[in-house]
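Protein chains: 2
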Amino acid sequence: MYAEPIQRLIDELARLPGIGPKSAQRVAFHLLKLSEDDAGRLADAIVDVKARVRLCDVCFNVSDQELCEYCRDDRRDRTMICVVQEPPDIVALERTREYDGLYHVLQGHISPIEGIGPEDLRIAELLERLKAPPGSPEAIQEVIVATNPNIEGEATAMYLGRLIGPLGVKVTRLASGLPVGGDLEYADEVTLGRALSGRRRIQ
Amino acid sequence: MYAEPIQRLIDELARLPGIGPKSAQRVAFHLLKLSEDDAGRLADAIVDVKARVRLCDVCFNVSDQELCEYCRDDRRDRTMICVVQEPPDIVALERTREYDGLYHVLQGHISPIEGIGPEDLRIAELLERLKAPPGSPEAIQEVIVATNPNIEGEATAMYLGRLIGPLGVKVTRLASGLPVGGDLEYADEVTLGRALSGRRRIQ
Chain A
168 MYAEPIQRLI DELARLPGIG PKSAQRVAFH LLKLSEDDAG RLADAIVDVK
218 ARVRLCDVCF NVSDQELCEY CRDDRRDRTM ICVVQEPPDI VALERTREYD
268 GLYHVLQGHI SPIEGIGPED LRIAELLERL KAPPGSPEAI QEVIVATNPN
318 IEGEATAMYL GRLIGPLGVK VTRLASGLPV GGDLEYADEV TLGRALSGRR
368 RIQ
Chain B
168 MYAEPIQRLI DELARLPGIG PKSAQRVAFH LLKLSEDDAG RLADAIVDVK
218 ARVRLCDVCF NVSDQELCEY CRDDRRDRTM ICVVQEPPDI VALERTREYD
268 GLYHVLQGHI SPIEGIGPED LRIAELLERL KAPPGSPEAI QEVIVATNPN
318 IEGEATAMYL GRLIGPLGVK VTRLASGLPV GGDLEYADEV TLGRALSGRR
368 RIQ
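Going line by line, the protein sequences match chains A and B.
To convert, take the position in the first sequence, counting from 1, and add 167; that gives my numbering.
To convert, take the position in the second sequence, counting from 1, and add 167; that gives my numbering.
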């Protein structure tokens, strides 16, 4: 219907999450009206993000260096690890200004229905970080499980609780207060801050 | 908050129409998870659309050639021109299968509030296309004004009616039936088809 380069752009845009055919068309025509420089900046940013962004060697947050900004930062509390599903969850937690420990990004959640088991997540690497003997200065004293408050997130939290508890490390879960069925990434700061300060031990 | 390449991509995405900061973040992390090839295809499509797409020399529809597919097509009725605001409106009209004449894309609407006057649109070029003397084989017999059924679109239609009527060319407007205040681009085929067949002369 459209000239081939336009249709191809619309098709590529429509593959993005949350962008239907109508908004793909709207975005495509917006890009057509931009200057070549402005459109080029978006194309460059896409290529650049793929070329320069990698996962942190320690916590698997996204980073443009071997270690992410939180793992590099010596002022943070290195006795606590907050476990999240995805990198944007870290940004949400940082906005609360109630946590200054380390992070660990699982890169997903356990979901038998989707065929995602513990071995598909960064759980082995998390256990590796907990190996320092309790009492030693580099020992992790608490793991806060901040997975999403939905079925998969809860299941992942339970699994981690059962796995890590026996190692002598305190394992906690964000307090209820988060709306169930929601997405941690989109919680407001107050709710998320309250959930953080009221976190409870996994039995 | 994010590594610089990620933040830059989020910022560029958030400048697109209909994409807020949250969906920009979602799209950015989606792109991060794509293979380099898949992300590259989107970047290429953006660069390509800017490099290869131009406006048709005659009707100002988008095209990858000097003349768009409708201006090139000898089987279409060359005595009728349907005037639209934007290229996606042509696609909407084609979907009705009730029109097989030519098109003319104004590239906008008259809007004193936005400071857009007739001289900012492709109106002079439209008048040029109406210059063949009435009765000659290449004479345009009817101009259908298919601007959006909202205030600016109506004003543009009235302006064109007063301008073109005296040239001895019949000027019509899409029939009411289109929901007022809406956007032609998003009308369903049936409504738009009915509006097309019931078009009425501008007084």
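Please note that the accuracy of each hint is not assured.
The list treats identical chains as one, so a pair stands whether inside a single copy or across any two.
[To be verified] Calculated lysine-lysine pairs in the BS3-like style (CA-CA distance at most 27 angstroms, straight line): (1) K217 - K200; (2) K189 - K200; (3) K337 - K189; (4) K217 - K298; (5) K200 - K298; (6) K337 - K298; (7) K298 - K189; (8) K337 - K200; (9) K337 - K217.
It is worth saying that the hints were derived from the structure and are not from the lab.
All of these numbers come straight from a predicted model, not from anything done at the bench.
Right, here's what the structure says about each hint:
no. : hint        : in the structure
1   : K217 - K200 : both (26 angstroms within a copy, 9 angstroms between copies)
2   : K189 - K200 : both (17 angstroms within a copy, 24 angstroms between copies)
3   : K337 - K189 : neither (50 angstroms within a copy, 33 angstroms between copies)
4   : K217 - K298 : neither (33 angstroms within a copy, 54 angstroms between copies)
5   : K200 - K298 : neither (56 angstroms within a copy, 30 angstroms between copies)
6   : K337 - K298 : within (14 angstroms within a copy, 85 angstroms between copies)
7   : K298 - K189 : neither (52 angstroms within a copy, 37 angstroms between copies)
8   : K337 - K200 : neither (56 angstroms within a copy, 32 angstroms between copies)
9   : K337 - K217 : neither (37 angstroms within a copy, 56 angstroms between copies)
Hint compliance for this structure: hints 3, 4, 5, 7, 8, 9 are not met, and every other hint is.
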